[in-house]
Each structure stands twice: as C-alpha cells, then as structure tokens.
Amino acid sequence: MTTNDCSCTDYADSRRSFLRNALAVTGGAVATVAFGETFRQTAYGATDGNVLVVLSLRGGADGLSIVVPHGDPDYYPARPRIAVPKASLLVRDDLFGLHPGLKPLEAMWTANKMTAIHATGLPQPNRSHFSAVEEIEDADLGSAVRTGWINRLIGLDADKGPLEAVTVGSGLLPTSMYGPEPTLATDRTENIQLFGAQDDAAQVQRRKALTQLWEDAEGPLGLGARSSLATTATLGPALAQRYVPANGATYPDSDLGLALKDTARLVKARVGVEVVTLDYGSWDMHSGLGTLDSTGPGSMQGMVSNMGQALAAFFTDLGVVGDRVTLVTLTEFGRRVQENGATGLDHGWGNATLLMGSGVKGGRYYGRWPGLGGANVDVDVAVTTDYRSILSEILASRFGTSSSAVFPNFQPQALGIMA
Amino acid sequence: MQKGLRMSPKLASPDGTSVNISRRGVIAGAAAASAAVALPVAWADSASAGTPYLPPVRSYTQTPVPAAAIRQMANRFAYGYTPALGEEMTTAGGPRAWFDRQLRPDEISDTATGAFASWYPTIGRTAPEHFSIAEMRNGYGYEVWTNHGRWSMMRRMYSQRQLLEVMTEFWCNHLHVYGGADLTWLWREGYDALIRKHALGRFDEMLQDATVHESMLVYLDADLSRVVRRVTQSGSTVVTEKINENLGRELLELHTVGRAAGYTETEVRDSAYILTGWTIDRFNTWRLSYVPDSHYTGAVKVLGFTAANSSRDGRAVLVDYLQYLAHHPATAQRIARKLAVRFVSDTPSDDLVNHLADVFRDSGTDIKATLTALIEHPEFNAAGGKKVRTPTEDVAATFRVLGARMSKPNSNGDAANSIFYQCKSVGQVPFGWERPDGFPDNGQAWSSAARLMGSYRVHNSTAGHWYPSTGITYRSHASWLPQPQLRFDLFVDHLCRTLHGRRATRLVLGAACLVIEATPGDMITQDHRVIKYRLPRLIGLLLDTQQHMTK
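Residue numbers (the working numbering), protein chains in the order written: chain A, 1 to 419; chain B, 1 to 551.
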C-alpha cells in the first residue's frame, strides 16, 4: 500500500471526511487477528449465522501452480523447470488438476464441497501489489469513497450489536475492512487483556481510569483505545479457557494453522462471527519458486502443502459447525505464464480461486478457459471471470445480500457455483 | 516484493514477525462535545458510568515545563522529550541551535553509543563470515537480524546524535529492505551504514549507492535479472532474456517518482533492463561485480529518460537514469510529502509539501536544506501532538523518559536483547516489514486495539521494573517523589511535567486518582502506599495516555 503516494493522501482525506459523515452508522464489529505472517480479521454479526472466511494469498499467488492446466498445450513448454508434473496432480479432468500439496482437501473435493474457478481476477491488469490489493479489497472500482467490500457487507446487517471484537498483538487491516465499522487486531488470544493491574480490584480501577482517559479522545488512538476496552470486557473471559480442536483435527504448526485454529474457536464460540479474513503469504515468488522436491517453507510446494493441511484441519475441527462456513481464496494478481530467469514468475493478471465449504457446488472446475496463448514471456492468463462475480454469488447464497449493495456499479455474471 | 525467509529454512524465525497496520478511520470530533459536567467529589462514583472525574489541578512549578518548540523538536527530531534533552537544547541556545548542531553529527561526541556495537557478536562480520556460520547454525540469519534491530534500538534510545538516528530510520524505511528477507541480512549492516552515511547528505547520492547495494539487489531479485549471451557455431550471438522486474518496478513506484508519474509497463521493463549487469557471486565469494555480458543492450525509455544503451557496460546509463529519477519533480513531491507526513502531520498542507519539494529540487536533493526548510515552516511548530507515535517510537520514548540505563546483555532476557521482543509485542519489529513499501507512517495505521494493548503492556511492565528486569538500571521508585512530602495532585503534576513535558490536565489527574485510589489532597511521603506499592500503576497509566502516545 503506497500510503505515502500523492494519490493515497487524497484518498485518506476523502475517507476521513466520509467517516465523519458516516458516524451514524454502526454495525457488527470487525476484529483483526494476526499470527506472524498470517493475518486475520473478523467481523461479528448474528451468533448463529453463516460465516464467510476469506483467505487472501498475499503477494500474488501463481494460480497455474495451484490449479494446473495440464491439458493446455502451452503450459509445460512455458515452464520447463517449475511446471507441476501431470502425474502428480489431484482430481484431474481433461484440462485441470490440483497441486499435490492439496492432498488433505481431496476428500472435500470428492464430497462435492470444494471447487476451483480458473481465469479469475480484476477486470483490468494491475501489476502493482499495493494498488492491486486496494482494488481487490475496495471492490468499488473508480469510486472516490474508500470503504472495503467487507465493511460494506457488515454495514448492511440489521444487527447493531456492541463492540465484540477479538484483538491481540498485531494485525494488518486490509482495504476490504476499511470503513465506518470499528475494527480490531490481535495475534494471541491470551493477550486480550488490559495489562497493568495485579489483582481484580486494581483491574476495576484501571478500567475506570483508562475509560476516563480515552472515552472522549479524538482521533484514531481514541477509537483503538475504546475498542481495546470493549474487547477485553466482552470477549476476554470467553477466550481465557484453553482450546482443544475437535474431531482429532491436527493443525500444522504454522502461522496459518494457528490463525485457522483460532478462527474455528471463534466460530464455535458463537460470538457472532460473520466474516473472517486471513492473510497468508507471501506468495511473491519472483525467484526460486521451486519444484515438488523443494519443501522449504517459502517454496510453492511448502506453501501449498501448509495451506492444504491447515484448511483440512480447519474443516475437520469445525465438524457440523462447518455447515455454516464457506471459504474462498483471493489474491491480488496472478503471475506470468512463462517462468523467468530466476526460476520464478513475475507479476501477471488472471488467477485461480479456490472455494470450499457450505453451499458450494463442488467436485468440478468452473470458469471459461482462455488458453495460455503462445506462452511468450509477457503473456498473462486472461481474466474471464471477474472475482466480484464469485463473491456476489457467495454473498447472495449465504447472506441473502444483493450484489449491488456490496459491489456498486457492477453487474455480476451468473456462475452457478453456489447452491 | 519479497518473500520472507524463503529458500533457506535455516533462517526461519522461530516465532515469525508480524506488523500491525490498521488503517481504520479517524472518527474526528466524535464525542468532543461531552466536556464540562458537574464534578463528582470522589473517584469512587465516576468513570464507570461515563462521568469523568475532573479534579482541579495544581502546579508544581519547581519542575519546569519546556517551551513548546523544545518539546516539538525533541519529539520529532529525537526519540522523545526528556528533561535532560530539554536542558541540552536550552544549553545549546534553543531548539534551532540544537538542530543546526545535530546536522553535523561528526562533531558530536558519542562514544557510549559506539560501544553498543561490541554488545552484539554478529555485528562486524562480513557476508562470507556470516554465511559460513549460517551453514552450521540453524536460525543464524534471524540472530543477525534481531541483533541489528537491537543495535538500532539502542542507538535510537541513547545516541547523542539523535537527528542522525531519526533520519537513518526515515531513509531506511523509504529505501526499505526487509530485515528477515532471504539472504539480505548478509549485508544488512553495510546497508545501514550506507543509509547512515547519506542520511543527512544528498538523496541522489543515497539512491545511487542504495540501488546497487547487495541487500537491495538481493531483496528485489535484481542480481538475478540479466541477459544470457551465447555464441552459436556460425558465430552469431543469441541473447536470451532472464529479466526480473522486481527492482525495476519498485525503483519507480516506491523509491522515486511513484505511480502518479504515469510510467507504462513497457517502461517498467526498460527500468529492469537498465539495472542488468550487477551480479552477486551467490553461495561462493558473495562478491558484487559488474558483468557486462549480463547487461541488456538496446534503446531504453522511461518517462523523459532515454538512452541508446548500446554498450555492454551499462553502468554509466544506470548512473544517468538514477540521477534522472532522483531529480524528477515527481520524486521531489513524493519525498517532500513523506518528510512532511513524518515530521509535521498526517495531513500536511499542499503549501508545505510544494515548498519542501522546491527546496529539495533547487538544492540538488540536499537533505539538510530540505529539513531546515521544514523546521522553519510555521506548520512545523504548530503541529505539536498531531502525530501518533509508532509502536517502536513509543518503546524508545518509554525507556528514555523513565531514565532507564541498559548494560551489555548476557542473556536473551537482558534489556538490551529483550528490547527486540518488546518491539515485537507491540507489532513493529525494526525493519520487520515484509513488503518493500516500508512501514506506514500515519495515525490510523498504528491505532489498532492490539497496538493499544501491546503498548499498555510495555508501559506497565517497564514502569513496574518487571520486564525487562535484568541488564537494566531503573530509577528507584523513591526517586520520583521530588520532596519529602507532597500533595498527590502536585505529585501528579510533577510526574506529568517529567514524563510528558506538559502540565497535568484535570482528565489525567482524575484518572491518576482513579487508578490508585488516591485523592488529590492525599499527602504523599516515601512511606505512603503510592510510592511503596502503587507507583508502577500510576506511572504506567501516565504512559497509557495520549500525552505519551502522540508526539
């Protein structure tokens, strides 16, 4: 995010004035949770409502390595060193197959609870990480008012509950959460507390004192301080107990594993989680993307395997609660078709989207395949499905939300990916 | 953009690092209208129900309140006001005279800070030395990074050359290299030295050096970006492009002109072409050299810059190109805005930004001249308190204002080492931002509830002398009481003057009464429970205020 760019300052100003005018709007609270490199934001809504989990693959994940177009004649020639071998692919059809690192999710696919949509992304190419992320997450392209689509989504909610957000440590607030709804951040649930008091009586006095100090404080610090007071009051006790994953779920010992475990815990705690976003990355593999033999944590193989294990554990842990939960992946852009000089991939355009969980008509691939078109170095995967069409269909199916309220000025295309 | 710690599992951080950004909105003026209500007589009745307890304040005039210009200079061009720094400025002839002296850091004795380098065993090693150790030791890269972060924090807190430290941080963040990025740590110290050398010099010279420094080249994959020339049997040369656009793009988008300048994707490609040739002998000597055969030849054009670029030694073209970018008006605008946002407010006026951009360009990208123009602009001194301290600035200011001194560390828990974990706990490890755009620098970014809770933890654990508790000498609790007996309201005013450089307000005094169950008229002595048991809670709370968390 180019926060110091001239253009961004204008945006900050317009946003600030927007917020001043939007004070009357309150809604579900939003929480941000960060686990090392994995960041999570949570929006709270109705206690037993449906839940959308948005897994953002930061840095621009290579869709051609995750959902491999083995049947496209240009795929293997374009990637002599880093292509994923056809024989290793999972759930193959004539054109596509999944990266073998997703093996733990194969059962969900065959149970028709998981799908992949190819050639998805922004309607126009944008190869800047920072502005592409903002475009994806704001999702009201061309508008001067900057609020994220998730903030717009929870703003629609009739439930105007109090601040009930989890916040610990640190968290990256994505553009999707920007807007008038309050937001929070955390990295470890046990850190949800007002440190500084040695006993309960002192804690009472400390809360009074901090409340006095920050109750009327202007500016962003005041908002953050009030959020911390509200969060510790309402959510702290519930999260103080030890959490044991259910159904024998074993999360990988990684940032993503921890973040998903905490997400499962929040969903099951019925505190009203509605949208959770997690950032997982970086996927910005300009060099050394690796092969299936490269098992380092930052290689494609390492990243996809970790993702497969963590997501499988998440849905196992949720068990029947998973009937309320749908998960979708997003990333700022795809990468070039042809590998570069450093066995990596430069920034590209079209990508693949993974979708799983409740309401998904899975077990097959979706999307109109544009072909890789000759595989010279500057060729991108063309986008044939605007990512907003995918989100629109999910939101309509799971939240009964009309697309126009969340993605203004956008006509979604019907995909048939959701029941 | 670069992945963290990729490819070398040995270097993986045991606990990862995350950074806190919450660009949540400012709700300006949200509740400013609820002041001036009837005062309750005692703390017990108030604050829980939203009625603030606002006892009248009294002035402890024996402890001076610095002039606003001193406080402003100390909070913006040093790592936070302390009474000692206030005196230093007064002795120097005022904040402006102090600033002018700080512009010549070589003339300021700083021997104590120099010794910090010997506190960390990884400091002073060459890239090959680092690598040979890393081959034998898991997590060594992380050690190098953490030690570099610790060393940086020590200098920020305790250096006499405060302006140099502030500007080194600023430029390190502008030409950012992520501290945990794969292999860049091998040269990190040298990169820091390079930035430090130019931090008060000229931007064009800094850009020239930084762009081709090993850390930057490796971070943004530029040493791998090249062409390969092969001579065929018939004697003709076949050129294969192995171009990586990462540095070529970020040089434009982040380091110089910015996207608003309107360059095209073709020009990004040309930018990457111009950079080809600089190569590092990876996993061997680690030496940087220029390899003409790896340089792309052929005409290039980026914005108004054109070159035939016909020689395989493209170094002169690169120098011209970087010079063009450094002096471009769009670069001046971006640097000017960044300086204004950093040192004045999150929303500097166009007048200020344009003025700084003019000075920057007219002076040939002279940093001293630009900074001088900044402090001379009326907006500078009018902006006191308008910036949110970043979490690490807060950590630094906390140790400084508490008067804590650190000693050479012997274990991870010792203060000069644990400082890194404290930074981590507030969500901002030095150089711990993965992406090449550097940490954000605005109040929204650093105001998440998590940041508040993390900062409360640091304030209160240091105020209580609980963490860190070793490798550090704190002021005794008793020493905070300036005379044998003192009314509580006067004591709080003394503490506010010392910690905030400001008088106590009714709001703060009321909160101070609440937090330790005291009344304004209580007579405080060394035997009073406020000094004997509750001072950590009181000082902790005074650090949990806007007065401490803004600058």
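Among the clues, some could well be false.
As the list claims (entries may be wrong) - Pulled from the structure, derived: some chain A residues nowhere near chain B, Cβ distances all over 10 Å: (1) Val91; (2) Arg127; (3) Arg206; (4) Arg242; (5) Leu292; (6) Asp346; (7) Asp386.
What the hints assert, rightly or not - To give a feel for the contact side, a few chain B residues facing chain A, derived at Cβ under 7 Å: (8) Val65; (9) Glu245; (10) Asn246; (11) Val388; (12) Tyr456; (13) Glu517; (14) Gly521; (15) Thr525; (16) Gln526; (17) His528.
To be verified - Part of the chain B face toward chain A, derived, beta carbon under 10 Å: (18) Lys368; (19) Leu507; (20) Leu514; (21) Gln546.
By construction, these hints were calculated from the structure, which means they are not laboratory data.
For every residue, glycine included, the Cβ atom is placed at its ideal position computed from N, Cα and C.
Cross-check of the supplied hints:
1. Val91: 28 Å, holds
2. Arg127: Violated: least Cβ distance 7 Å, not greater than 10 Å.
3. Arg206: 6 Å, violated
4. Arg242: 20 Å, holds
5. Leu292: 16 Å, holds
6. Asp346: It is violated; Asp346 of chain A is separated from chain B by about 5 Å at its closest Cβ, not greater than 10 Å.
7. Asp386: Holds: least Cβ distance 21 Å, greater than 10 Å.
8. Val65: Since chain A brings no Cβ nearer than about 20 Å to Val65 of chain B, farther than 7 Å, the hint is violated.
9. Glu245: Check passed: Cβ of Glu245 of chain B comes within 5 Å of chain A, closer than 7 Å.
10. Asn246: 5 Å, holds
11. Val388: 6 Å, holds
12. Tyr456: 5 Å, holds
13. Glu517: 6 Å, holds
14. Gly521: 18 Å, violated
15. Thr525: Nearest chain A Cβ about 22 Å off; hint violated.
16. Gln526: Gln526 of chain B check fails; min Cβ-Cβ to chain A is 21 Å, beyond 7 Å.
17. His528: Not OK, violated: His528 of chain B not within 7 Å of chain A, min 17 Å.
18. Lys368: Interface hint status for Lys368 of chain B: violated (21 Å vs cutoff 10 Å).
19. Leu507: 7 Å, holds
20. Leu514: OK, holds: Leu514 of chain B within 10 Å of chain A, min 4 Å.
21. Gln546: Because about 6 Å separates Gln546 of chain B from the closest Cβ in chain A, which is inside the 10 Å limit, the hint holds.
This entry does not satisfy hints 2, 3, 6, 8, 14, 15, 16, 17 and 18, going by the numbered hints stated previously.
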